[in-house]
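Novice: What follows is each chain in one-letter form.
Protein chains: 2
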Amino acid sequence: MAVPPIATTQSGDLPRGNAVVGQSGGPTSVINQSLVGVIEGLRSGLHAAGVVGRVLGMRHGVKGMTRGDYFDFTDTHQDRLDRLACTPSSGLGSTRDKPDAAYCERVLDACRKGDVRYFFYIGGNDSSDTCRLVREMAVRSNYDLRCFHVPKTIDNDLMENDHCPGFPSAARFVAMACMADFMDNISLPGIKINVVMGRHAGFLTAASALARRHDRDWTSEGIDSSDGPQLIYCPEVPFDTERFIADVDAVYRAKGRCHIAVSEGISDSKGTPIGATLIKNAQTDAHGNVQLSGSGALGDQLGDLLKAALTPAGGKPPRVRADTFGYVQRCWPDPSPVDQVEARRAGRYAAQLALAGQHDGSVSIVRQGSGSELWLGKDNGQPYLATYRRVDLSAVAAKTRHMPASFFQGHNNVSREFIEYCLPLVGPLPGFERL
Amino acid sequence: MAVPPIATTQSGDLPRGNAVVGQSGGPTSVINQSLVGVIEGLRSGLHAAGVVGRVLGMRHGVKGMTRGDYFDFTDTHQDRLDRLACTPSSGLGSTRDKPDAAYCERVLDACRKGDVRYFFYIGGNDSSDTCRLVREMAVRSNYDLRCFHVPKTIDNDLMENDHCPGFPSAARFVAMACMADFMDNISLPGIKINVVMGRHAGFLTAASALARRHDRDWTSEGIDSSDGPQLIYCPEVPFDTERFIADVDAVYRAKGRCHIAVSEGISDSKGTPIGATLIKNAQTDAHGNVQLSGSGALGDQLGDLLKAALTPAGGKPPRVRADTFGYVQRCWPDPSPVDQVEARRAGRYAAQLALAGQHDGSVSIVRQGSGSELWLGKDNGQPYLATYRRVDLSAVAAKTRHMPASFFQGHNNVSREFIEYCLPLVGPLPGFERL
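Each protein sequence line maps, in turn, to chains V and L. If you're matching positions, the first sequence starts at 524 in the working numbering and goes up one per residue. If you're matching positions, the second sequence starts at 524 in the working numbering and goes up one per residue.
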């Protein structure tokens with residue numbers, strides 16, 4: 524995974540000053556790898572070259588920056604950085620603030636006040652939009668501020684990226700949880716619903732399919748879904764409760780049990796989230812998003828729906844249980860090895876972009892070798908290989924990438940193409956024995 | 524951890540016939556270790572000696588046995604047994620059936636029909652009671668059936684045991700989840716409730732305290748709860764909602780955030796579970812227990828309670844989130860190393876009891892070396908050491924062990940004694956870096 528040389532077409536005089544780096548949005552298990560990658564890249568590059576003075580971390584993102592609340596990484600010992608990199612969640616603290624023009628003006632004032640010339644922001648599509656806004660405002664006011672975005676999201680929904688740092692580790696948690704929970708479902712049969720994070724994109728819910736045994740799952744028609752989860756519902760496919768009940772009924776009749784993965788973001792044909800309509804006292808964040816995580820309401824409501832619909836006349840209701848994986852899926856301290864390496868390198872690459880004289884940009888991960896056929900035991904595959912490139916901030920900012928149609932099989936399953944896409948990312952999964 | 528020689532005071536002629544082994548109740552991450560331990564112990568002992576013919580596994584416990592539904596382990600390859608031992612959940616399938624006299628008569632009929640003379644049952648206090656009933660019925664009908672119970676419960680609530688196989692692994696999951704989730708709570712501050720399994724005993728909820736940094740947590744007065752969870756609520760202490768709100772308010776005012784662990788089994792001063800009163804359409808099992816797991820209702824209701832009580836007049840409600848750890852805590856495929864070894868040995872010890880001529884009994888785990896001072900970095904501790912002994916079935920059957928008073932500190936915290944008890948069991952925990 525060598526980092527290719529960066530074209531320096533936009534290079535020129537590098538402004539002298541300080542650098543800031545911040546973390547924004549929902550934490551992940553590897554976002555501190557990216558933080559440390561930026562710090563390492565700056566210290567060994569622009570700082571060593573005498574261009575950058577202090578390397579400062581924003582406490583709680585731009586919110587802390589406007590208050591001058593920094594952690595100074597310029598002289599932090601490498602041992603401490605290495606421990607920080609292996610610590611889940613955002614070490615600097617995060618923020619859900621979505622800056623408007625007035626807010627960005629305060630960020631820019633903080634840059635002027637702190638002699639900041641390099642601005643790095645690790646986050647999702649809202650964070651890249653913040654980066655873009657601050658950069659545009661700096662350009663308009665003739666303040667030379669170089670702005671770079673480092674991708675991070677367990678939702679995996681950033682444009683221009685094969686996948687995003689944070690997603691592989693969350694996918695690993697979801698796959699392992701579904702593997703183990705399916706064994707539980709075989710042991711004490713019933714209907715089990717697992718609710719997975721992902722507001723608009725279904726990648727993380729789809730990763731539940733990795734829980735199946737892939738050496739046996741493929742038939743000439745596609746996937747034999749005898750292993751759980753047998754039913755997978757992503758936000759990209761409109762959710763129809765009647766069809767859902769019929770799906771579950773069919774599996775439950777055939778097997779006496781049913782294992783289901785549902786995205787928290789499933790929505791009806793009008794785009795209304797099923798969860799949002801069910802959650803009482805729903806909270807909204809600064810982006811106007813209704814709170815979907817941190818509540819078991821969607822799973823419980825779907826469970827009640829199934830109990831009511833599938834109870835035979837005069838008979839006992841089926842055993843129905845619902846779990847909502849919750850925040851542990853984004854911060855579980857056993858990240859994917861691939862994810863750890865890539866998150867670190869993405870951060871370092873952003874610092875290298877600055878060193879190469881780029882004025883702004885977002886780091887994108889490009890897959891060179893698919894790795895998938897190899898991982899599935901075939902001999903005609905290439906080893907998995909990721910490289911990094913610069914893309915314009917506007918190509919990523921405030922946009923959402925969805926699961927492509929080729930990743931779906933019908934309305935309640937994923938395709939083999941998705942499995943081959945996802946399997947190389949999550950790291951080794953345990954092998955279970957069944958009697 | 525050598526197994527001491529077993530007294531053979533009750534030995535005599537060993538009846539010749541087959542052996543059965545079954546799993547009952549909620550699965551754990553290591554219950555298959557115990558299953559394989561029993562099989563190994565029988566194959567190398569009574570089977571090798573020509574006393575036991577077939578070693579049979581009951582499919583779904585006594586339920587499968589009454590139908591003659593067995594898996595024959597007599598010739599299963601050791602490699603397959605080793606893989607099975609590392610597979611979470613009950614490989615043979617489990618059951619929630621609680622046999623009465625008529626049911627036990629059918630179990631005994633199945634023994635006679637299958638020439639079964641050795642009966643092993645892996646489970647909690649209900650399973651040991653089944654063992655006791657079947658044994659008493661066999662004695663009354665002059666059928667020589669040797670009955671042994673192997674302890675298993677994530678709730679850790681069996682009498683006569685220092686701790687129970689299954690608990691250390693579940694405690695490991697809870698500790699790691701709370702460690703990571705506390706980092707999340709620091710990163711995006713708010714009030715976070717985590718609901719932990721445990722109907723009557725608070726051991727598993729108490730294990731959330733292992734998430735704190737123990738090198739810094741101890742003051743002369745006891746625990747400095749600056750690390751989360753700051754508040755821990757177990758079923759042994761009557762839960763008072765007004766006091767709960769006041770507790771959270773105090774931490775939230777002081778820190779701007781609050782991290783809370785709550786047992787699913789918390790009950791009011793009359794013994795009514797808080798969860799049971801809140802869950803609509805509650806299901807009950809054959810034991811008359813209301814379903815507490817597989818629902819997010821308790822966490823959501825406690826969250827709503829806090830939002831309503833802590834919203835300032837005319838102001839915004841605090842950010843409140845609730846996660847219910849759910850079934851992954853009992854089947855997460857990264858079990859405690861100590862638990863894996865002990866669960867295997869507990870199964871093997873039961874087979875050795877039979878070989879030694881015992882007629883019945885339950886295996887209990889006794890701690891010899893505390894290990895705790897050593898684990899906490901002191902030099903006056905002994906290494907952790909567990910041994911095994913036989914106890915009467917009636918000493919364990921249908922009884923519940925609660926957290927002793929010395930494990931509590933006040934109504935919302937655990938004592939240092941609990942930490943020293945629990946820490947050696949869960950295996951190495953990751954170290955996190957905080958800025």
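One thing to keep in mind: the hints can contain errors.
To be verified - If you only want the chain V side, here are some residues facing chain L, beta carbon under 10 Å, derived: (1) S617; (2) I768; (3) P927; (4) S929; (5) Q932; (6) H934; (7) R957; (8) L958.
Claimed, not checked - Subject to a maximum C-alpha distance of 20 Å in a straight line, what follows is the list of computed SDA-like cross-link-like pairs (lysine to any residue): (9) K586/V - D620/L; (10) K636/V - A773/V; (11) K586/V - R780/L; (12) K778/V - R957/V; (13) K636/L - L604/L; (14) K830/V - T923/V; (15) K586/L - K621/V; (16) K778/L - G587/V; (17) K778/L - V760/L; (18) K636/V - K778/V; (19) K586/L - R780/V; (20) K839/V - R619/L; (21) K839/V - D620/L; (22) K778/V - D592/L; (23) K621/V - D632/L; (24) K778/V - P856/V.
The hints are simulated quantities; they were obtained by calculation from the structure and are not laboratory data. All C-beta atoms in this analysis are idealised placements derived from N, C-alpha and C, irrespective of residue type, glycine included.
Novice: To test your reading of the hints: which numbers does this structure violate?
Specialist: Hints 2, 3, 4, 5, 6, 9, 10, 13, 14, 15, 17, 18, 23, 24 contradicted; others consistent.
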